[in-house]
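Let's have the full structure, built from the sequences with the hints guiding it.
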Amino acid sequence: MNIRFRGISEDQPGPIWAGVFNTFWPAYRRWWGREGLAARPTYLECLRALRTHMPEIVPLYETLCELVGGSDSQARFLSFYCPPRYLSGCSQAIWQGDRPLLVRNYDYHPRAFDAILLRTAWGGRQVIGMSDGLFGLVDGMNDAGLVVSLTFGGRREVGEGFGVPLILRYILQTCSTIDEAVAVLCRVPCHMSYNVTVLDPARRYVTAYLTPDRPTIISNTPVATNHQERVEWSSHARFTATVERERFLLNRLTQHPESEERFISAFLMPPLYSTAFSSGFGTLYTAAYLPREGAMQLWWPDHVWNQSFSAFTPASKLIVLPEDAPDKYAHPH
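The numbering of the sequence shown is my numbering, which starts it at 1 and goes up by one.
Calculated directly from the structure, the hints in this document are not laboratory data.
Errors might be hidden in some of the hints.
[Stated by the list, open to error] Computed spacing ranges between beta-carbons, pair by pair:
id: 1; residue 1: Glu-66; residue 2: Phe-239; range: 34 to 44 Å
id: 2; residue 1: Ser-279; residue 2: Arg-48; range: 30 to 40 Å
id: 3; residue 1: Pro-201; residue 2: Glu-261; range: 35 to 45 Å
id: 4; residue 1: Ser-235; residue 2: Gly-36; range: 24 to 34 Å
id: 5; residue 1: Pro-55; residue 2: Ser-316; range: 30 to 40 Å
id: 6; residue 1: Glu-244; residue 2: Pro-84; range: 21 to 31 Å
id: 7; residue 1: Asp-213; residue 2: Pro-314; range: 23 to 33 Å
id: 8; residue 1: Arg-238; residue 2: Glu-323; range: 15 to 25 Å
No experiment lies behind these values; they were computed from the predicted model shown.
For each residue, glycine too, the CB sits at the ideal point set by N, CA and C.
In structure tokens, the structure reads:
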């Protein structure tokens, strides 16, 4: 399977971002409107929710809406308020070595994926991250050194709240410390259950368990897969092997120290690496974030892509995803 990944850089909202959004909009609209437009909140409900919970990014939201034409459907979609439900896989962990490093696998359906690494400086805050809906992010880092990444939390419940990718964007746009990020994660409602790990340059970290129907729980665990404090959706847990992946990562973190590259390479092999693309849970990329250096990497079994705030290079890369998970890892050349 081939996927074309693109690295896009644009300091302020402008024609590059708008052009990509307009290209993707027909697919976005099909997904967002699949239950009928009446199933989604009205524009006024979306705007009211943003003003209540994330007022600092309302001007940015309005600018983005205007850039793409300002239609009712586009504005409602870009609010990320009460979107359709979506399930992903994903594993993430904090390396126990001598510098802060978060590594994550993003497991999702390849045809419902932006495949865009986006660097922006919206409002003067530099952010690099993997795009979702071109406003949200599924993982990313800001120039204050905060790293955030999400995994699905393994619960069926859906409630009133925001799609978690916009919550990650909001954190990276407005927060500079772990404490500020935790306050957002405890305050802003999320429409489904997700786990969000936050790492800072001093190697402090938390994992927040977000749910639509219970208060957020803040944990000091360095690992997140697809359940929270316990398994609550047993069939999903079995299918995604969430407990096995969590146990595998925790065992690696507690055994003898291993090199940074060896730790990353574990994400490129089973049980963390998945080829269940047709079921919507294949590993589309592995990301490694180094907040102290302001750098990040995207890894695949045969390729590494290095990017940073100081040297971000827009590019397009055709990545061949293996149909079968590799049984051993060879350093890509």
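Practice item. Given the hint of 15 to 25 Å, check if Arg-238 and Glu-323 actually sit that far apart at their C-beta atoms. Key: Since Arg-238 and Glu-323 have Cβ atoms about 23 Å apart, the given range 15 to 25 Å holds.
Practice item. Take the C-beta atom of Asp-213 and the C-beta atom of Pro-314, compute their distance, and say whether it sits inside 23 to 33 Å. Key: Distance hint for Asp-213, Pro-314 is violated at roughly 42 Å.
Check your understanding: Between Glu-244 and Pro-84, does the C-beta distance stay in 21 to 31 Å?
Key -> 29 Å Cβ-Cβ, so the 21 to 31 Å window holds.
Point to revise | Cβ separation of Ser-235 and Gly-36, checked against the hinted range 24 to 34 Å | key: Holds - the Cβ-Cβ distance for Ser-235 and Gly-36, about 27 Å, lies within 24 to 34 Å.
Point to revise | Status of the given 30 to 40 Å range, CB of Ser-316 versus CB of Pro-55 | key: 36 Å, holds
**Study point:** Ser-279 versus Arg-48 beta-carbon gap, inside 30 to 40 Å or not
**Key:** 37 Å, holds
Point to revise | 35 to 45 Å as the expected CB spacing between Glu-261 and Pro-201, which holds or is violated | key: 21 Å, violated
Review point. Is it true that Glu-66 and Phe-239 lie within 34 to 44 Å of each other by Cβ?
Key: 42 Å Cβ-Cβ, so the 34 to 44 Å window holds.
Checked against the numbered hints above, the structure violates hints 3, 7; every other hint is satisfied.
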